[in-house]
Amino acid sequence: MPEKRFEEVFRELSQDPLYRFWFLQTAFWLSLSLVSFFTLSVWYEQFGWTYIVHTLLQSFMGLCLSMPLYWVFTRMWDKPILMRGTVSIVSVLLMSLVWTAARMITFIWISKEQGLWADFGGWYFGGIFIFLCWAGLFHGIVYYQLLQSEHQTKLDAEATLRKEQLKSMKAQTVARDAKLEMLRYQLTPHFLCNTLNAISSLVQLNESQKAQRMIVQLSQFLRYSLDNNPDIKIALEYEVNALMLYLEIEKTRFGDRLQLDFQIDEEAKSAGVPSLLLQPLIENSMKYAISKNEIGGTISLKATVNDNYLTLELSDTGSGAKLEKSKIGSSSGRGVGLRNTDERLEALFGNDYEFDLSTLPSGGFKTTIRLPYEQQFILNESGSQ
Amino acid sequence: MATLRTIIVDDEPLALALLRSYLGSIAEIEVIAECKNGKEAIAAAMELSPDLMFLDIQMPGINGFDVIKNLQADMMPLVIFATAYEHYALDAFNVHAVDYILKPIDQERVSRAVERALQRFERVEDDGQKSNIISAITDMTARAAGDSKSVDTEQNPKQNIVQENVERKIVVKDGDTITLLKQADIEWIDAAGDYMCLHADGSTHVMRSTLKSLLDQLNPEIFQRVHRSTIVNLNRIERVIPHTKGEYFLELGEHDRIKVSRNYRKVIKGFLSDV
Chain A
1 MPEKRFEEVF RELSQDPLYR FWFLQTAFWL SLSLVSFFTL SVWYEQFGWT YIVHTLLQSF
61 MGLCLSMPLY WVFTRMWDKP ILMRGTVSIV SVLLMSLVWT AARMITFIWI SKEQGLWADF
121 GGWYFGGIFI FLCWAGLFHG IVYYQLLQSE HQTKLDAEAT LRKEQLKSMK AQTVARDAKL
181 EMLRYQLTPH FLCNTLNAIS SLVQLNESQK AQRMIVQLSQ FLRYSLDNNP DIKIALEYEV
241 NALMLYLEIE KTRFGDRLQL DFQIDEEAKS AGVPSLLLQP LIENSMKYAI SKNEIGGTIS
301 LKATVNDNYL TLELSDTGSG AKLEKSKIGS SSGRGVGLRN TDERLEALFG NDYEFDLSTL
361 PSGGFKTTIR LPYEQQFILN ESGSQ
Chain B
1 MATLRTIIVD DEPLALALLR SYLGSIAEIE VIAECKNGKE AIAAAMELSP DLMFLDIQMP
61 GINGFDVIKN LQADMMPLVI FATAYEHYAL DAFNVHAVDY ILKPIDQERV SRAVERALQR
121 FERVEDDGQK SNIISAITDM TARAAGDSKS VDTEQNPKQN IVQENVERKI VVKDGDTITL
181 LKQADIEWID AAGDYMCLHA DGSTHVMRST LKSLLDQLNP EIFQRVHRST IVNLNRIERV
241 IPHTKGEYFL ELGEHDRIKV SRNYRKVIKG FLSDV
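Quick note, the sequences are listed as chains A and B, same order. This note's numbering applies: residue 1 is where the first sequence begins, and numbers increase by one. This note's numbering applies: residue 1 is where the second sequence begins, and numbers increase by one.
Everything labelled a hint here was simulated from the structure, so no lab data went into it. The structure displayed is predicted, hence computed values, not measured ones. Don't take every hint at face value.
Label pairs and their in silico Cβ distance ranges [to be verified]:
1. B:222 - A:259: 44 to 50 Å
2. B:90 - A:343: 32 to 38 Å
3. A:209 - B:89: 31 to 37 Å
4. B:220 - A:342: 43 to 49 Å
5. B:176 - A:343: 30 to 36 Å
Covered, in the sense of this in silico footprint (three residues per stretch, anywhere, with C-beta under 8 Å from a C-beta of chain B), are these stretches of chain A [unchecked claim]:
6. 199-208
7. 247-261
8. 290-303
For lysine to any residue, the following SDA-like pairs were computed, each having C-alpha atoms within a straight-line distance of at most 25 Å [as the list claims (entries may be wrong)]:
9. A:210 - B:104
10. A:210 - B:34
11. A:287 - B:89
12. A:210 - B:13
13. B:266 - B:225
14. A:251 - B:40
15. A:210 - B:89
16. A:287 - B:87
17. A:287 - B:102
18. A:287 - B:40
19. A:251 - B:58
20. A:251 - B:266
21. A:251 - B:104
22. A:287 - B:25
23. A:251 - B:20
24. A:366 - B:58
25. A:210 - B:87
26. A:210 - B:24
27. A:210 - B:102
Beta carbons: idealized from backbone N, C-alpha and C, even for Gly.
So here's chain A without its partners, still in its complex pose:
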């Protein structure tokens, strides 16, 4: 427990710049004492207390004299480089001069040695080096800290940016989900009511087996489309099975008006596709082509695998109205569903996919999707009949 406390206090202190300054300052001058003790006192075999006291004393004096240097350096920090360099060097020379003089006076006073002033140049030379060293360390450390804090600011900014991005991405996803859900619920009640009306009709006509079949198809379709997680991939075969649930119901409702032409290659059946990928496109075709056309039409789906890509071609035979042709490519009705599909594919495959829309000469609408081919072994049972 007490260790922890000490560490905590230490950590707090080490983050305080003032504390750090004094720590480094003390360390520098103490190590100078140690160095001079080992190089001078040991070398000259001067083990007397007087010498040890002198090394400590000169360190203390150096520490005191470095404080005016500190003041000068911080004052000069923002000045032009020439002025800053000149003033700094002059003050280093000055302070080392004062220090050398003080050291010698105290040394003579302590050791009572004579004739030392002749060696002043040697003492001064060492002093200059020590103060230059101090100045160098000071600048190095300050620059290092500036760099660190700059780096930290950058990191912080990046983190904030990433957080923002994440937030906006999340918001977009939520909005899109809501939109999809809204579309789903917009479609479902009318589809549901019409289907229930058809079932009611079958019951009225004593077609109980057909009615039962339709009820089962309807419940399976609802379970599949409402419970399915759109993030997972399933085998195309099961996606098509789920589509068939929906299309069988529509076939019962619309009778001869709905024809289907599905050609799924054997190899394509096991290809992984995002679940419910085709459902909105098929619903579009039902809504804007088959149910708008007095003689009905055909919905075709072709799935092939070429060069490691799965190609899905979905087309219908159009509404039969001349007007529609010019409108179809624009955002008329189908727009939202198509845009959502495109966005979804982009999120899943990046740039490695194709999503093409075209109008057929017959007035029909064709959607072509090309995805990287990837075998899917996990089969979704809820999609099977």
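Starting from the known structure of chain A, arrange chain B on it as the hints suggest.
Frame of chain A; chain B shown alone:
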């Protein structure tokens, strides 16, 4: 007790079958035709002059509301809507449609709607049907255009100088757009109370006016009344088909068929002798 001659209109075969089955057990209803789309509905209404029409709204080609717009006012039966879409309900009630049944439909609800239709049928043998509906449709489009004041600039009926009339365009305010219709482009017109439906180039323009003041604006040489509430552009007549009881059908272009009542047959006779 009166019997209502009825046509039923729905694009789904099973929905038609259910309605037929329910109506089969109602003695006052005689189903005289079943139609799979709006076009068939208009043709059947013209041909058979039914008293009552069960009408789906979402249909291929011509939808339920378009059927009403395109049907000659003189031939308008009572209307009961049957649809899965609830959001037209308010408008349908505004239009004095007899009733509005939501799918899935049930026997009891259908019976109640038929009772209402019977009451309405016995009370008024009037031409009020289309007028109510058109005024409501106009309200709808005006609301949709964010324009509540569908003001009629009552054209001055005194300005009926023939020479001017020939070139004069008809000003139609529809929501917030103003359309200028060339007289020659107008195929036929029918009156629905305070509103006139101008049928031109396959679309229907609705304007507020009376039959009389509109007639005054039109060139009398080419526009003639052929029914109590119907005006036709004689130049647009492509075929004249005699019908029973001294009535005629006029065919204008591909789709439009107009009935000429007995009282106005002399107009057609005159037209035929002029050609």
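Hints versus structure:
1. B:222 - A:259: 44 to 50 Å: holds (46 Å)
2. B:90 - A:343: 32 to 38 Å: holds (35 Å)
3. A:209 - B:89: 31 to 37 Å: holds (35 Å)
4. B:220 - A:342: 43 to 49 Å: violated (58 Å)
5. B:176 - A:343: 30 to 36 Å: At roughly 34 Å between Cβ atoms, residue 343 of chain A and residue 176 of chain B fall inside 30 to 36 Å, so the hint holds.
6. 199-208: holds (count 6)
7. 247-261: Holds: 5 residues of the region 247-261 of chain A have a Cβ under 8 Å from chain B.
8. 290-303: Contact hint for the region 290-303 of chain A vs chain B: holds, 4 residues under 8 Å.
9. A:210 - B:104: holds (17 Å)
10. A:210 - B:34: Holds, because 23 Å separates the two Cα atoms, which is no more than 25 Å.
11. A:287 - B:89: holds (21 Å)
12. A:210 - B:13: holds (14 Å)
13. B:266 - B:225: Satisfied, since the Cα-Cα distance of roughly 11 Å is no more than 25 Å.
14. A:251 - B:40: holds (22 Å)
15. A:210 - B:89: violated (31 Å)
16. A:287 - B:87: This hinted pair holds, its Cα atoms lying about 18 Å apart.
17. A:287 - B:102: holds (19 Å)
18. A:287 - B:40: Roughly 21 Å separates the two Cα atoms, so the pair holds.
19. A:251 - B:58: OK: residue 251 of chain A and residue 58 of chain B at ~17 Å, within 25 Å.
20. A:251 - B:266: Not OK: residue 251 of chain A and residue 266 of chain B at ~51 Å, beyond 25 Å, violated.
21. A:251 - B:104: holds (18 Å)
22. A:287 - B:25: Violated, because 34 Å separates the two Cα atoms, which is more than 25 Å.
23. A:251 - B:20: This hinted pair holds, its Cα atoms lying about 21 Å apart.
24. A:366 - B:58: The given pair, whose Cα atoms are some 24 Å apart, holds under the 25 Å limit.
25. A:210 - B:87: violated (31 Å)
26. A:210 - B:24: Distance ~22 Å between residue 210 of chain A and residue 24 of chain B Cα, so the pair holds.
27. A:210 - B:102: holds (23 Å)
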